[in-house]
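Number of protein chains: 2
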Amino acid sequence: MKNDLQNITNLLRHDILTSTTAAGSGHPSSSSSAVELMTVLWFDGYLHTDFKDPKYIFNDRIIFSKGHAAPLLYSLYHAAGQISHDELLTLRRFDSVLEGHPTPRFKFIDVATGSLGQGLSAGLGMAMGIKYQMRNEKLEIRNFREPVVWVLLGDSEIAEGQVWEAMELASHYKVNNLVGILDVNRLGQRGETMLGWDLDTYKKRVESFGWNTVVIENGNSLKDVQVAFEAINRQLTTDNRQPTMIIAKTQKGAGIKGIADKDGWHGKPLPKEMLDEALKELGNVDTSTSFSVAKPEKINVILRSETTKDPVEGNEILRFAQNDKVATREAYGEALKAIADNPYVVVLDAETSNSTFAEKFKKEFPDRFFEMYIAEQNMISVALGMSKVGLIPYSSTFAAFLSRAYDQIRMAQYSEGNVKIAGSHAGVSIGSDGSSQMALEDLAMMRAILNGVVLYPSDAVSTFKLIEEMKKHNGVSYIRLTREKTPVLYKENESFPIGGSKVLRSSDQDKAVVIAAGITLHEALKAYDELKTKGTNIAVIDAYSVKPIDVDTIVKYAKKTGHVIVVEDHYPDGGLGDAVLKVIQKIPNIKFAHLAVNKIPRSGTPQELLSWEGIDAAAIMKAIM
Amino acid sequence: MKNDLQNITNLLRHDILTSTTAAGSGHPSSSSSAVELMTVLWFDGYLHTDFKDPKYIFNDRIIFSKGHAAPLLYSLYHAAGQISHDELLTLRRFDSVLEGHPTPRFKFIDVATGSLGQGLSAGLGMAMGIKYQMRNEKLEIRNFREPVVWVLLGDSEIAEGQVWEAMELASHYKVNNLVGILDVNRLGQRGETMLGWDLDTYKKRVESFGWNTVVIENGNSLKDVQVAFEAINRQLTTDNRQPTMIIAKTQKGAGIKGIADKDGWHGKPLPKEMLDEALKELGNVDTSTSFSVAKPEKINVILRSETTKDPVEGNEILRFAQNDKVATREAYGEALKAIADNPYVVVLDAETSNSTFAEKFKKEFPDRFFEMYIAEQNMISVALGMSKVGLIPYSSTFAAFLSRAYDQIRMAQYSEGNVKIAGSHAGVSIGSDGSSQMALEDLAMMRAILNGVVLYPSDAVSTFKLIEEMKKHNGVSYIRLTREKTPVLYKENESFPIGGSKVLRSSDQDKAVVIAAGITLHEALKAYDELKTKGTNIAVIDAYSVKPIDVDTIVKYAKKTGHVIVVEDHYPDGGLGDAVLKVIQKIPNIKFAHLAVNKIPRSGTPQELLSWEGIDAAAIMKAIM
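Keeping their order, the protein sequence lines are chains A and B.
Numbering follows the working numbering, with no gaps: position 6 of the first sequence is 6.
Numbering follows the working numbering, with no gaps: position 220 of the second sequence is 220.
If you are wondering where the hints come from, they were derived from the structure by calculation, not from laboratory data.
Misleading hints may appear alongside valid ones.
Since copy identity is lost for identical chains, a pair holds within one copy or between any two.
[As the list claims (entries may be wrong)] With a cut-off of at most 25 Å between alpha-carbon atoms, the simulated PhoX-like pairs for lysine-lysine come out as follows: (1) K174 x K204; (2) K268 x K280; (3) K268 x K325; (4) K582 x K622; (5) K223 x K472; (6) K526 x K491; (7) K472 x K599; (8) K174 x K272; (9) K363 x K268; (10) K599 x K586; (11) K582 x K599; (12) K268 x K485; (13) K526 x K262; (14) K586 x K511; (15) K262 x K363; (16) K560 x K532; (17) K599 x K107; (18) K203 x K174; (19) K560 x K622; (20) K586 x K560; (21) K203 x K55; (22) K363 x K138.
Remember, it's a predicted structure, so these values are computed and weren't measured experimentally.
Model the full structure from these sequences, guided by the hints.
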């Protein structure tokens, strides 16, 4: 590398300032503090990436966890000759892929950032995924440079607990190809951070979490930064077994006249006169020059496709006979084993694998199971990262605790991640553990994800099949699982496409149609039986696909019966009832009843609770009569 | 204190075992590890509490953050003579207040636990709140023992990032009346924790976060525990300025034959034969004896009520003139100042106060403003804790980032907390910052909270009034705020009760009613004006109370016009559209249209985005025509 680094820093600052002033918004001060750190990383031979093949699995990865430093990120791509200065000046415009915070609409971006504190976890997932892929491709035995995942972090976002979740797990799993770069510019959005420039305390905290540290006393000095990266490079190429954090003291707005180390300049572009002054200070800059970045060794990775079935030895899959009683969570574990013939399927769980039955997979495929401990936020972001390097991760915990990772799920969508989530122990039917363990908002939460898929099977066979359907689907999908054992309803050859439903009972004399899923479907079937003895017929639909919902079938039966009853083990807002109501609202003269959890639940037996909440067979019969 | 501690430990283990076996579920092994720690805390003079007055503000507080150790907690109340052995044996029954995980249905419980990693934050909020109340009551000058908040933590839950958020903030604010008790029993639900019995690493991590530590090498030895508590007591009564963490090595299932330190016994009661064996080992136990607990000094706290208006000097409240353009987030800041005459109102913000305008309050009342830094989970749980010692906390950040605290919001409801939450920068109308900063799921998320209140004002006056309404409401409430400036619509004397709405436009010739809130209400008003010039009349309703929604008014106008259009800056599922649909579904022959955010958004100007998503005035007119 023979790049003129000083020249590059001037270009980057010029680009940051001109693009943000042109946009009329953006974060030049947060971008400027990291200019030297990024200049050395990118243009002094440390970052290895092939811009022509940005999705090449063995590229190094760069994540700006401090997503508001996007102007710096785009300026780096400009300096590397990947976008023109004109394109750079489209920053934040509707017709531009250079958004206010990075998203994969810009082809070089792997994960969307901007909700702080998530980037290190996503990077951890990529780093773990890259290691997995290397193992898969048997690259460890060659003299192949292990790709590094570099994550730029702001000091404000270190306050997010998720960062420490990523830290503890990265050291626990010795993920030594992960390097964090902590840009300690001291100033947050509205003033000083908790630790200011107290590098010692940062160092102590980071080291206590099992990381190597490299402290840079002046992160805006190219020379200091170069010395540090040399040290890191030595660490990366020796038998170091820990992740590394660079802790760099910087100035917010460094190198920019009028704003350096000044409070009150967060998220503000320079006004015209200040911009002119600042640019004058930077001297002549040639925006048409570009600079070289190191390339990775390219190997022909022929990723083994799904069709390459590895023999899965000793992996006996349970068969489900009709009327056997099997909890859907148990079928989840079985299904994971069944899809293990795809070598990219991996499983994560938040210290609940003996409850979610993810342990069934773990026992057969210990190398492909990742214990994530009780840290749901990190689990989801790690899964996202893994999916961005070609893996197909399933993540499980109690559905109630997925509420902890809602921001991460939201961001996974903007990252175009392929994330499959399983939530067990949904609803009041878990019984005696009480309200804290009962997911009663999860359908609402997951339905609100615009392109999310929400599945809620009622028996083992449909669970089994839906886990396969999730594998085929690319995006964010969720499956809701039940604690209680329920009878097997379906034959093994039935199919359960996303967006479908099953009509379980129907006749020409149906007085109403009951639409349910999960535990309440079985209550609906009980109601059917009892009503039948009294001479009343109803239709019963298994709405296993809550989103997208099976519009045609529901409309058909609503019209046919004129009376729709939805019953669900979920709070009344945002669940299956709302999904059905949307579908039937255009049909004239439909009677609609919605049975849901309308009282704060408590400990009790499943049947006591279903009855108390009015979502059991008796309540369904009452609604029909 | 002259309690026979050894005797108490036997009684507690007896109680834990008998109650869980009677219940047929529960966590005896997780309860047993902490028996000696709790015996010394409760019965050797450290915990000061008046059981006759459990809500006395200057009681010590005890939180079982490891809520699954509830059998131990209830056994302690039995040992202290507060419940009978018969009542203890109702554990987990539907008719019992002794739930599987603690909830305030049991009168001694302040906050519900069971979603791990939240208790330390709630305790921090209580400890900060108690300090606030002491300052308010001018108790610092007296020789009054400062109440201590004791939090029992499991070692598994330490993996939750929120614990470290609480740690960093507690040391930052020198909350020295907070003591954590870390029960390092090594075994999580499904095996060993990341750190096992590595007390040194725990100590390093905790100390690096600025806490004092006291390590107990054998936390199941009464003597060792007593020595440690003596040390803590010295720290608490000297001029120590830091919180303290006890780090105790214990055995899961300690003292119980057959399960001590054995994996595979998480959440499992002893079967009958093992129970008999274990009880025999414990020897004779008298379940009718009770033991004494230290009492706090009782002072007559006459809490100053809302009616005691303190003069709020130098606090000029902005007045809003109609058609002035004021962002609702700015009105939020003004409103906080206006309700400051209630001395229990405090304000928390997650490092965004210059965007949420919470800084307006901060500037006037710095002692009542708490900077929570970028750690939303901790912020909400701290607010919960504060509310449990009599404060009225408002917490704000970008609405998008509240998704990070959904589990904490969910638990605040079960804790019967009085938590007011403000989310700014909602919707695509924030413009160029892009999707990561746009709350588009928040209405769904907050509506799903069973008893939650969800408000969404459109102008400064209604925001101002709704902040006052939130103050009067006791529970979890949420207000959604807009980034953009919008014209003032209302006169200052108008009232905005929760559950109400405002009919802004109506006539006898209305072709449709448009129901909107926030930014889209202004688009509806624009559509009204344009349509009027074309000779078409519509009604326009401001649905500022999204939950509860104003059923009567909406039904009335739906019937009157026969055509309802809901337009909202939110994803289609779970928001205002679903709320309205529920209300009108029983009315025959209503045409319904729902305009919402149906495409993944991006950076752009507010108007570009409103137009692209089809939620602007043009889209409304199209829907009507």
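Comparing the hints with the structure gives:
1. For the homomeric pair K174 and K204, the shortest alpha-carbon distances inside one copy (18 Å) and between copies (19 Å) are both at most 25 Å.
2. Within a single copy, K268 and K280 get their C-alpha atoms as close as 19 Å, which meets the 25 Å cut-off; across copies the closest is 72 Å, which misses it.
3. Within a single copy, K268 and K325 get their C-alpha atoms only as close as 61 Å, which misses the 25 Å cut-off; across copies the closest is 22 Å, which meets it.
4. Within a single copy, K582 and K622 get their C-alpha atoms as close as 24 Å, and across copies as close as 21 Å, so both meet the 25 Å cut-off.
5. Proximity of K223 and K472 under a CA criterion of 25 Å is satisfied in neither setting, with 50 Å inside one chain copy and 59 Å between copies.
6. Taking the closest pair of Cα atoms, K526 and K491 come within 25 Å of each other only inside a single copy of the chain (20 Å); across copies the shortest separation is 57 Å, beyond that limit.
7. Proximity of K472 to K599 under the C-alpha cut-off of 25 Å is restricted to the inter-copy arrangement: shortest distance 23 Å between copies versus 38 Å within a copy.
8. Proximity of K174 to K272 under the C-alpha cut-off of 25 Å is found in neither arrangement, the shortest distances being 49 Å within a copy and 44 Å between copies.
9. When the C-alpha separation of K363 and K268 is checked against a cutoff of 25 Å, the pair qualifies only between copies, where the shortest distance is 22 Å, while the shortest distance within a copy is 53 Å.
10. In the homo-oligomer, the alpha carbons of K599 and K586 lie at most 25 Å apart only across protomers (23 Å), although the nearest pairing inside one protomer, at 30 Å, exceeds that limit.
11. Taking CA atoms no more than 25 Å apart as the test, K582 paired with K599 passes in both settings, with 24 Å inside one copy and 18 Å between copies.
12. When the C-alpha separation of K268 and K485 is checked against a cutoff of 25 Å, the pair qualifies only between copies, where the shortest distance is 18 Å, while the shortest distance within a copy is 57 Å.
13. In the homo-oligomer, the alpha carbons of K526 and K262 never lie at most 25 Å apart, since the shortest distance is 69 Å inside one protomer and 42 Å across protomers.
14. For the homomeric pair K586 and K511, the shortest alpha-carbon distances inside one copy (20 Å) and between copies (18 Å) are both at most 25 Å.
15. For the homomeric pair K262 and K363, the shortest alpha-carbon distance between copies (20 Å) is at most 25 Å, but the shortest distance inside one copy (56 Å) is not.
16. Proximity of K560 and K532 under a CA criterion of 25 Å is satisfied intra-copy only: 18 Å inside one chain copy versus 42 Å between copies.
17. Proximity of K599 to K107 under the C-alpha cut-off of 25 Å is restricted to the inter-copy arrangement: shortest distance 19 Å between copies versus 48 Å within a copy.
18. Taking the closest pair of Cα atoms, K203 and K174 come within 25 Å of each other both inside a single copy (18 Å) and across two copies (21 Å).
19. Proximity of K560 and K622 under a CA criterion of 25 Å is satisfied intra-copy only: 21 Å inside one chain copy versus 33 Å between copies.
20. Within a single copy, K586 and K560 get their C-alpha atoms as close as 15 Å, and across copies as close as 18 Å, so both meet the 25 Å cut-off.
21. Proximity of K203 to K55 under the C-alpha cut-off of 25 Å is found in neither arrangement, the shortest distances being 34 Å within a copy and 42 Å between copies.
22. In this assembly of identical chains, the alpha carbons of K363 and K138 lie at most 25 Å apart only when taken from the same copy (23 Å versus 61 Å across copies).
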